[in-house]
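One letter stands for each residue in the lines below.
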Amino acid sequence: MTRLAYYPGCTLKTKAKNFEDSTLATAEKLGIELVEPERWNCCGTVHSLSTDDVMHHLAPVRNLLRMEELRDAGEVDSRQVVTLCAMCYNTLKRSNTVFNTDSDRRKKIRDNMYKEEKEYSGNVEVVHYLETLREMGWDKVKEAVVKPLTGLKVAPYYGCLLLRPRGTGIDDTDNPTIMEDLLEALGAEAVGFAYSQKCCGSYNTVHMKDVVADLAYKILNNAEEEGAEMLITACPLCEYNLGPIQSEVEKKHPVFDSIPVVYFTQLMALAFGLGEEATAFTGNTPDPRPLLRDKGLLEE
Amino acid sequence: MMENNAEYVTIYVMGKKHEVPGDLTIMKAMEYAGHQFTRGAGCRGGFCGACATIYRKKGSYKLEGALACQKIVEDGMYIAQIPFSPAEKTTYDLDELRPDANTMLEYYPELSRCLACNTCTKACPQDIMVMDYVQASLRGDIEQAAKLSFDCISCGLCAVRCPAEIVPYNVGQLARRLYAKYIDGPSQHVLDRVEEVEEGKYDEGITRMMKASKEELSELYNNREIDLK
Amino acid sequence: MDPDNKRFKDRVTELSGENVDLCFQCGACSSGCPMTQEMDLLPSKIIRMVQLGLEEALESSTIWVCTTCFNCEVRCPRGIDIANVMEALRQLVLRKKYNRVSLDELSQEELRDLPQIALVSNQRKLTA
Chain G
-17 MTRLAYYPGC
-7 TLKTKAKNFE
3 DSTLATAEKL
13 GIELVEPERW
23 NCCGTVHSLS
33 TDDVMHHLAP
43 VRNLLRMEEL
53 RDAGEVDSRQ
63 VVTLCAMCYN
73 TLKRSNTVFN
83 TDSDRRKKIR
93 DNMYKEEKEY
103 SGNVEVVHYL
113 ETLREMGWDK
123 VKEAVVKPLT
133 GLKVAPYYGC
143 LLLRPRGTGI
153 DDTDNPTIME
163 DLLEALGAEA
173 VGFAYSQKCC
183 GSYNTVHMKD
193 VVADLAYKIL
203 NNAEEEGAEM
213 LITACPLCEY
223 NLGPIQSEVE
233 KKHPVFDSIP
243 VVYFTQLMAL
253 AFGLGEEATA
263 FTGNTPDPRP
273 LLRDKGLLEE
Chain Z
793 MMENNAEYVT
803 IYVMGKKHEV
813 PGDLTIMKAM
823 EYAGHQFTRG
833 AGCRGGFCGA
843 CATIYRKKGS
853 YKLEGALACQ
863 KIVEDGMYIA
873 QIPFSPAEKT
883 TYDLDELRPD
893 ANTMLEYYPE
903 LSRCLACNTC
913 TKACPQDIMV
923 MDYVQASLRG
933 DIEQAAKLSF
943 DCISCGLCAV
953 RCPAEIVPYN
963 VGQLARRLYA
973 KYIDGPSQHV
983 LDRVEEVEEG
993 KYDEGITRMM
1003 KASKEELSEL
1013 YNNREIDLK
Chain V
3 MDPDNKRFKD
13 RVTELSGENV
23 DLCFQCGACS
33 SGCPMTQEMD
43 LLPSKIIRMV
53 QLGLEEALES
63 STIWVCTTCF
73 NCEVRCPRGI
83 DIANVMEALR
93 QLVLRKKYNR
103 VSLDELSQEE
113 LRDLPQIALV
123 SNQRKLTA
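Chains as they are written, first to last, in our numbering: chain G, -17 to 282; chain Z, 793 to 1021; chain V, 3 to 130.
Honestly, the hints are just simulated from the structure, not real lab data. Treat the hints with care, as some may be off.
To be verified - Restricting the straight-line Cα-Cα distance to at most 27 Å, the calculated cross-link-like pairs of lysine-lysine (DSS-like) are:
1. G:K277 x G:K200
2. G:K97 x Z:K914
3. G:K97 x Z:K808
4. G:K191 x G:K233
5. V:K47 x G:K200
6. G:K135 x G:K200
7. G:K100 x Z:K914
Hey, can you work out the whole structure from these sequences and the hints?
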């Protein structure tokens, strides 16, 4: 078993527990042990863009220090930390870059963290679980599949922070293929659509819910028009802004057909034949199980 | 005035300079200097949180927090008391709450503003990992939050300094209440003992004690079992 | 140029780390922006105002509606990160003790429903 440091993020312990559960199960099947440090804190998403800001980098850098402590204690085998939430990925990665490239701010961050037992060296690499899978090789992922998702038309919804800004993304922002490659390995049919990278509305969901519902309508409708039966995502905020919000969308657009939105690891768990606790579909709104049963991909 | 053989040190209380014996606590030193406590003093034993104090040491930029009744003075200490920290405790009916993942966030949404800057931990006079229990509350880990905040005496120093305007001690209190009521459950040995009392198991012993003479009681007391572990 | 205007432009440049003078108003950022329907001024217009040192840019709804999705950054042919400029403009207002979204306004039901990620990111971007 390869042991990799793992950063869950707050939401994966609460509203997006299904994302974590499905990931841990699939990782085990693939021979990866995801090691969560005993101490970690909220990553403090979204990455702070002001050039003079030090305060908002303390939270992400503190987490990177925790990952380094794991490595020092011999509990993991590499300098990578694996993230699942696209926003945590983006925040940790970008703060890591600030720490490593801005010597002035690096010093200030360190000065502010004098209570920690050691200083962060900057030597942690932030990766997303999709990158881990790609690095392992899609054929290895395919080997673990016991029930290919034949006939399931899935639209990969990338969202924003997995691919942008340039230099931070896990794939080419103009023509990403990483999610399509995963779907292919799982035996599903990837459905491309124009709005796969259109922002879901992000944090505006707190105080501008109706606007976010309109965005959801555009994105989901577009995917349906291209023939998609389901969407996959890698971010709990995208899942929240595209999934449960559909009840709001239906109020304004009665003709709208609801379409399930799941985490990519849940489909992996399904294809790997890992059972109900791993697929964790009870946490999803709308419920993807009727569709999957119709397709013969889920037993009663 | 008692004789004191300790060396004298200089301290500043609310800006005024005083010479005080160097082995006194801040509280005793302030009283030595003539200050009379009408607020900001309580149990004098490090347990009630009334005497929250901030100070700076000579030549240091760091602002530190302490309990006046516990902290010994140092030369050049610049002291100010925080008699009261304004804090809004949300109202809730504990019987109606459940320890769900979002319960803490629902009653203290400002938890989402935590910057993990650790200022609260630095301010705490009880060496509590304040940032850690605030973070545990944010991600719904009520048990962790309750256990880490156990020693909190609600002195208010963390709340006064938090840049995100969180009141950690209120958060910890809710976590402990939820934990005790819903997660930890009642102490079985207490329930068992109450049952025994109600059944009258101790009635005879108590009656005997109440009727005993002073000599009998002295005898019992002097020969009682003492566990010196 | 009026010294006050120059100060505003300099401050935005410093905070964002972006050189807005590179912009030639092609509008690619605006066409890719998902939130333009809620904006009173298009992103490209905001950049133009900063170029001219017009502090009125701070009064637009645009800077508050932006979701920092970086679509603009990816599209800009001159390599300007417009999202950085939006953040700098927000910071100029936020650092004067302004909160765009107050937690006091949210109902109990909303707080029960919202995932941590939504509240954390909202407060990070839109409050002091």
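Going through the hints against the structure:
1. Pair hint K277 (chain G) plus K200 (chain G) holds up; C-alpha atoms about 26 Å apart against a cutoff of 27 Å.
2. For the hint pairing K97 (chain G) with K914 (chain Z), the CA-to-CA distance comes to about 8 Å; that is within 27 Å, so the pair holds.
3. Distance hint between K97 (chain G) and K808 (chain Z) is unfulfilled; the C-alpha atoms sit about 31 Å from each other, more than 27 Å.
4. Distance hint between K191 (chain G) and K233 (chain G) is fulfilled; the C-alpha atoms sit about 13 Å from each other, no more than 27 Å.
5. Taken as a hint, the K47 (chain V) and K200 (chain G) pair is honoured in the structure, with Cα atoms around 25 Å apart against an allowance of 27 Å.
6. Taken as a hint, the K135 (chain G) and K200 (chain G) pair is honoured in the structure, with Cα atoms around 19 Å apart against an allowance of 27 Å.
7. Taken as a hint, the K100 (chain G) and K914 (chain Z) pair is honoured in the structure, with Cα atoms around 16 Å apart against an allowance of 27 Å.
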